[in-house]
Every structure is written in structure tokens, then in C-alpha cells.
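Start from the sequences, fold in the hints, and give me the full structure.
2 protein chains.
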Amino acid sequence: MSSSQKYVIGIDYGTLSGRALLVRVSDGAEIATAVYEYPHAVIEDVLPGTTLKLPPDWALQSPTDYVEVLKNAVPAVLAASNIDPRDVIGIGTDFTACTVLPVTKDGTPICELSGFEGRPHAYPKLWKHHAAQPHADRINALAHARGESWINRYGGKISSEWEFAKALQLLEEDPEIYARMDHWIEAADWIIWQLTGTYTKNICTAGYKAIYQDGAYPSSEFLAALNPAFADFVAEKVEHPIAELGAVAGHLSKEAATWTGLPEGIIVAVGNVDAHVTAVAAQATHSGQMVAIMGTSTCHVMVSDKFSEVPGMCGAVFGGIVPEQWGYEAGQSGVGDIFAWFVKNFVNAEYEAAAKSAGVGMHTFLSDLAAKNPTGSHGLVALDWESGNRSTLVDHQLSGLIVGMTLATKPEEVYQAIVESTAFGARKIVDTFETSGVPVTDFIAAGGLIKNNFVMQIYADILNRPIHIIGSEQGPALGSAIHAAVAAGAYPDIQAASQVMGRLVRNAFQPNQESVAVYEALYRHYLFLYETFGNGDMMHDLRAIRDRKAAL
Amino acid sequence: MSSSQKYVIGIDYGTLSGRALLVRVSDGAEIATAVYEYPHAVIEDVLPGTTLKLPPDWALQSPTDYVEVLKNAVPAVLAASNIDPRDVIGIGTDFTACTVLPVTKDGTPICELSGFEGRPHAYPKLWKHHAAQPHADRINALAHARGESWINRYGGKISSEWEFAKALQLLEEDPEIYARMDHWIEAADWIIWQLTGTYTKNICTAGYKAIYQDGAYPSSEFLAALNPAFADFVAEKVEHPIAELGAVAGHLSKEAATWTGLPEGIIVAVGNVDAHVTAVAAQATHSGQMVAIMGTSTCHVMVSDKFSEVPGMCGAVFGGIVPEQWGYEAGQSGVGDIFAWFVKNFVNAEYEAAAKSAGVGMHTFLSDLAAKNPTGSHGLVALDWESGNRSTLVDHQLSGLIVGMTLATKPEEVYQAIVESTAFGARKIVDTFETSGVPVTDFIAAGGLIKNNFVMQIYADILNRPIHIIGSEQGPALGSAIHAAVAAGAYPDIQAASQVMGRLVRNAFQPNQESVAVYEALYRHYLFLYETFGNGDMMHDLRAIRDRKAAL
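Protein chains in written order, with our numbering: chain A, 57 to 608; chain B, 57 to 608.
Heads up, some of the hints might be wrong.
Which copy? The list can't say, so a pair holds if one copy fits it or any two copies do.
Think about it this way: if two alpha-carbon atoms lie no more than 25 Å apart in a straight line, the pair counts; the simulated DSS-like pairs of lysine-lysine are [stated by the list, open to error]: (1) K428 with K605; (2) K466 with K428; (3) K62 with K310; (4) K428 with K412; (5) K62 with K127; (6) K310 with K127; (7) K109 with K184; (8) K184 with K466; (9) K466 with K412; (10) K400 with K428.
Simulated from the structure, these hints should not be mistaken for lab results.
See below:
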């Protein structure tokens, strides 16, 4: 039975599953949610239905899994919500990025064409497919050699994860598939095509992942210099009208209506990226509001009315988060995964038994022990580069460091130093924005780590500013739902919808001034390490020795 | 029943026990051994028979324990050996140092005088009594300010463990005891007094621990500048004829004969120090033969016909190891205790369970895992300063560092990097001797770590020279027995006795040239860290922050 309340559905396509969230338009209330795990998960070992072993660093997905989310999670969330599907007025989506696939003129993935099932390059390359590093290296070297203006919009380095590196790998390793594809399309846009029946290209992935800057992609001359056969890549496989975020991509097709159980013809919003859409869910749509999505890694996104080529950011895209504003992205390649690495490997059996008998997880156990010690009493400083440094150094050959250990140093102290190192890394990013003329007025945390009070308090103390916390556990899906509401015309723009439907707990953590003073001193040491090892040769050389010897 | 074979007894006074070793004079065969644990062990909490709590960093012993070793371990070793005591021709001893006590004119320890039992300063101060650091700091500052020539014989720093620092503490904290004592005597010499009834002062502790250089102690002017009441310290409490190593200290007294069950009147050799006497047991009595006594820490001793003020050594004493040669001592403050610290704290429960089920200790378990990996494949370099740096920096405020970790780094890799760091530390010491004009021709390992093949091979690879291994498990006691044989006239000198009675396995470990090449590269990085952090302010500042905060 139809009611006066209207709803939108946000669908968040993650690395291992898709989540549908049904949200009330009037106030952003999260009514119901449903998750569908991808049957093929991440394809990194053997190609499905074959015995073909993938090389190292490959990561593929199956596009059928994306459609299955529509067929399963959406009906499930409708059923769980107990609302009338006719009250749903729009759908919004977000996706991992850069997750990109080759498709035909009508959007059919090449991997679904007969005869191409056994060809790895026919499949979507997931964001974490890292086998195109040599291609990225060539792109970067050439861009600097030619003085391409766009390279500094990306901290001086294009990632191997992005569209051009992955496409160049495709061209050179399987030219037949390259020739066969009509579009090299982000999964973020492909899923919109499945929902609406038409291809709409979003500005977010175009800007952050496809080097679309100031109305243009890299030139044909540049591409030809990489490989003559690559010269027409943009013209033939990439170019397509660009749609703004929050705009209407199209209307739900009859087929998609059948899959989802939603009314045919409802509004589908332009596609988006999980991190960027989270800003909208956290009411961070105004200049200077930085959102840190903190999980295994951290992604920082921020809207600003100021432009500057901030050193070491991942990207600056005009309209890339909300229209008519600069959208900045920065990142820390390792955060929660560094904590997890330490806990998995370097905590002794006695602690393990004590945590078990106390009935708490090891992160909690170590945090509780560490929290009893005065700040700075461990005498340690660490660099948070166990997974490299994304911002501000853009260098994945860097590695971790810890200094100050004595024979009295305990696991909880090293754990705390590692947590602190990631907070110092965040501060370095914030400081770099500010010294580059792009003020950071608010620091808003989202992602899995916001539940960890120990970590959050350290961030407040080290950043020496309040930490605001997103008020939703489903940030990306809520952000996508907000986009749906805007596209459906329920709000005049993203900012207005975000204020009403987004969720933020302001000042959730306040800096402790006694700790702040200690951390100022430790941060100076962190910066010394940052300069010494970030700009020195040592870590690169250690990595080279390691890789040479490990290959034996 | 008396036989044609003659024997000597070496007695090694360690930190927790005394060991007697009965050795055949003709070939050094170790016939029997017996250990006696000191009933009072190390007194660091409460003074015996009182409720008096000792301050932090204090470490005392009871002199009665030393005599009990004579009364128990010597009869036990005689009984176990089944030889005729009349075939024992001499006794030699070695002691921890600097372990020092205040005694009266007749050698009675002040703590044994009625009325002094409850006074901490009346007791022997064990080598690891570290409460005289402020006094050592004053000595060092004044020595440099006055340009005292002797300070550079000790790497530019007198240790808080040594005689002058401990005596200055005694003077200033309990002047009555200071006034009451007639001699400030090394336990190494006090035990000889107990055996012979006469006070004989050995050159080894006089040189290494009492700043006796070029025939003189620090001047009265120097001492007066420290404290006017200290001006006559040398003249009144220290000065005494100096006896050479391997010389006769005296003859076994009637009383000591009763204690030990040995014939009255047999030869007692001049006292000695555990580390230095080990060189003799390892046949390392010739110029350039460095002996590393590797245990929780490492002590390096070497005889040389060359003299140089090698930077950062612990001491250079003419005749300090064998007569008529320079004796050098250097050290690494943390070695085995760093391995133990890592294993105790930073190895996970899964490894613990696997080691247990394999029935091996954790050191073996980690070593076996690490040994499977090619050298350098961990990509790590560490500084071995968890317990400070004794040589070449002489700085106990330094701390540990490890660099190169990634999310793939495993405990066995960090363990190996820590082992390597101590070997790099050893190489730095060897290189410093050589570049100072004091060649190191042989590297001989002694001490508890020689049983660890993994550690020894890494030392061979990093030093890029063969590692020779002492052939006795009782190096100090064997060395003392050799001194007894020399003093008893069975050999013309220490060198001759050492060649016959000492034990050495030459070339026990040979460098693996493939590893050598990798370690050359890693050693350059170690040296970069050594310079950067050894000469920088960072570790000192981290320590200062730690100590300030930990005191809260």
C-alpha cells in the first residue's frame, strides 16, 4: 500500500559483496539493508570454468555478480523493509574504483562473448589488480618527460590501478580483446547501463581514474608515444558525454525492474565511487570538510572552493565529489591492515591467553593496556609505511620503521606506536593541504575504525583538532541513496540533501591538551624520519635486495 | 694415591654462582666440575637480615657466598674427579668485574663488622650496580674538562660500574663507611686474599676498572676537584703493588686448605676477570686474536702488540690480558638478551604452539624458519641498541630501530634481522679496531651463543671471515686453571700454557660468499643508521620524553 513517505535505495558495490540500503527521503532514516556476497568474489587464482592460473598481482571479477546484487539484495531489502515498492522514487549506486571492463557497443562484457570465457583480459579488472605497474611506470615517465600538465593533478603519479595503465596492459598483452571492445568502462558506469539501458559516464571516475582534466583526456600524441596502437584509445574506447554527480542517468528499465522488484521508470542517479559518496553521507559537502574513510587503508576526500596542486594527493577533480567544487582525494595505503599485521604476527601467547580469558579481542586487549600508560612513555616513533606511502610521497616501495625500542618495550607499546604512526601520517596529509593553500576546517572520520575509541582519541590528540564521526554504519550506501533522492528531485542539490539525510556526530573526540604537547614533540621526530627515509635511497634499496633475493 | 699426572683448579666466580673446574696440567683435559649457587644470589631488593629496601639500580652481594664456593665447590670437584688432592699443584680464579667492596686492614669486609650489617654501602657492589651513574657522569665531565689523558683509554667514558664511580657514591652517601675502610678492593683480589692470607692486586682490574694507566691512577688534584674529601682516595684506599697476570699471588693458607681440602702451601695465581681469562682458554694469547664472549651481552677482548686509542673501546690496558702486550676490551651491551626480549614478547601464539608440537625451543624454531629464506629476502635492517651501545658509541641512552617491514614481514624475519644487527655491531667494532691501526687477525667466539649455528653462520657471513670457536664449555674456569698452571711453573708463560691447555676449533664456520655480498650491501645501510641515529638527537630526546612521562 502506497504511503505519503517516499524512499530511495542506495547500492554500494564493495570488493566482496554488494549492499542495498533503503532510506527514507524525508529524513534519511535507514529502514532496511541487505547484503549479497559475490559468488566469484575476487578472481586472483584460477579463471572460473578453466584451469588457467592467473599471474601474480592479477585481480578480476565477474560482471554477472554485479547483476546478481540487483536480483538479490534489492528484493531482499524491499522485503525486509515492508514498504510498498511504489514508494521508492530512485536508485543510486557507488562502486569500487578503478574497477574497469571491456564491453561491446551494447554494453556486453567481452568475457560474456562466446569464445572469450577463457581469456583473463576479457574480465573486469578489480581496483586491486596491480599487474599493470610497468605500464603505469611508462605513463608516468613519459608524462614527466613531456611535461604533461595533468600529471600534477595526481600527485605526480598515475596509479597502476587506473584506467590508462590497465588499458595499456590489455592492449599489449591481448590486442585482440583490445580491438574487440567498443568501450573501456568503469564498473560504476556499467552497472548504471544495466539499470537504465543507456551508457552514462560519471565525472568522478572520469576525473579520478581516467585523467579527465579541464575538459580533456591525455592527448593522442601522448598515447601514441606510449604505443602507436594506443593513439586512438581515448577517441575510440573512452570518450563519451560526461554526467555530473547527483544528476539523472536514466530511468529503470523494464528488465531491471523485473530483476529488482522496483517500478519501471523510476530515476537512476549517475554512478559514483564508494569513498567519494561517503562524504555526502557525512554531511561533508562544504569547502574544507575532510572525510577520512578509515579501514584497512584510509581514503581522504574533501570538497574545496580553493584549487592548488597539493603535493602527493591522489587526485583533484572539479565536480568530482559535488558539482561546481574541487574534489580532492588523498590516501594512506596502510592503516587498519598494519594494526592487523602486528596483532596477527607479533603478540605473544601469554597475551593471547589473557585476552581470551578476559573475553576481548586482541585489538581491545592491547588498546586497554596501552591506554593505561601516559602518552609518550613508550619512547617510540614509527613510520606507517608497511604498505607504502600513498600521500604525500606516492611511493609504494617505502616500508615500515620503528625506533626507540628497549628491552622493556612491550607489545602494547609497539601497537600504540603503530596506531600513532598512522595518525602522524594523517596529520602530514592535513598539514600538506593547509600549507598548499587548501584549508581543512573539519576532520570527519568514517569507516570501520570509527568504533575504536583508542584509535580515534589518538587521532584527535595528534591532529590537535576535534574528530567528528559519521553517524551511519553504511556510509557509501547512504551516500548513494542521497544521490538518488537528489536525482529524483526530492532536494534541490546534493548539499541540501546531505544536510537532511546525512548523519554526523560533531566533536565526538576532543584533543587532550596534555597528550597534544607530547605528540607535537613526537611529530617532529616523525617528520625527521619522513624526510630521511622518504627522500633517501635506503628503503628502495632494501626493497630491491628483498625482491632480488626472494625471487631466487 | 698420588700419580705422575698433575692437576690445577680454576674457579670462576659468576653473577649467581661459583664453578670449580679440575684440569689436567699436561693437556688441559677437563676432569671434573662442580657448581655452587650463592645463597644470597644478587641482593637488589632487601638487605639480608633487615627490612631495608634498596633503592633502584642497586645490586649487592654477600662476601660469605664467595668463601662458601671454596668450601663447597672445591671439595665437590675433588670428590667427583677421584684424584688425589696432593696432585693438585695450583689454583687460579676469575671474577665478575667491577665487583668491589670496602674492607679493613686485614681484609675483613665492612659488612661483617658488628654494627654495619644494616648498611647497604658496607656490602660488595656487584658489577651491575648502576646507582653511581650521576657520579660517573661527573667523573667523565671533569676528565674531559681537564683533558685527562687516561679518559681516551676508555673510549672517552668511565662506566658507572667501575671503582671510582662506585667509591664516590660511597663517600658521598655513607662517609662513615668510606672513612672506616682501609682498602677499596676488587672481589677478584679479595678472594685471593682469602686463599693466601695476603693482599695481591692484579693488573687486569687495576687497569680496566681502576683507571691505572702508564703506572699511575687519576691524580689527587682531579679527585679533589670531584670532591675535596675524595682527594686522597687513591693514596689511602687504592694504591698497592701491582701483580702481573699468571704470576704467583701466594700460597694456599692453612685455613683455606681446610676449607677446600687441598694441600696447604700450593700455588695461588694472581686474580683475574672472567672475560679476560677466557682469551687464554681459547688459545687467543697472540696479537690480533679477538675473543668475543657472546651471551646476553658480548665482551670482546684482544691482545695486541700495537697501541692505539681505538674509538669507543671499553679499555686498553698494558698487560691486562697477558703480560707485555696491550689488552683491549670492547663490548656490545645487548646481544642474547635482545633475542630473548623479542622471543618473549613478539612471537605469536600460533608459532608458540607449532614450536611446542615440534618439541623445539622458540629460538630454534625461528632460526630454522629463517634459515630457509635467502639472505636479504626479508628486506630488513636493524640497529642492535635495545640495551644501548657500549662500543663504539659508549651511549646507553640509544635504543633499537628496525626498518623495512611490510605487511608480509614475519616474526622469523624480524628475529633474523635482530641477530644480524648484533653481527653488524660486532663488525663495526672489528672495523674500528682495524681502521685505528690495531689489526684483528682472528675472530674467536666463546660464551653461550656458540651453540647456536644459525647465529654463528650469520656472524661468519657478516664479518666475512671464519669464526673460530672455543673448544670448552667452561671458558673462564679453564682460563683460570691455565693461569694456575703457569703460576705453578708447569709452563714458562701464559702463551705456552694456552697453546697446550686451551681449546679452539678453528674455522668452525666459514663465510658463505653469496651471503657475504648481500650483507656488504646491508652493512652499508646499517652504517647509515649508525651514523644518523648514533650522532643525532632523536633517540636521546625519545628517551627523555619516555622517562619524563613514565615518571608520572
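Task: Those earlier numbered hints the structure runs against, lowest number first - done: none
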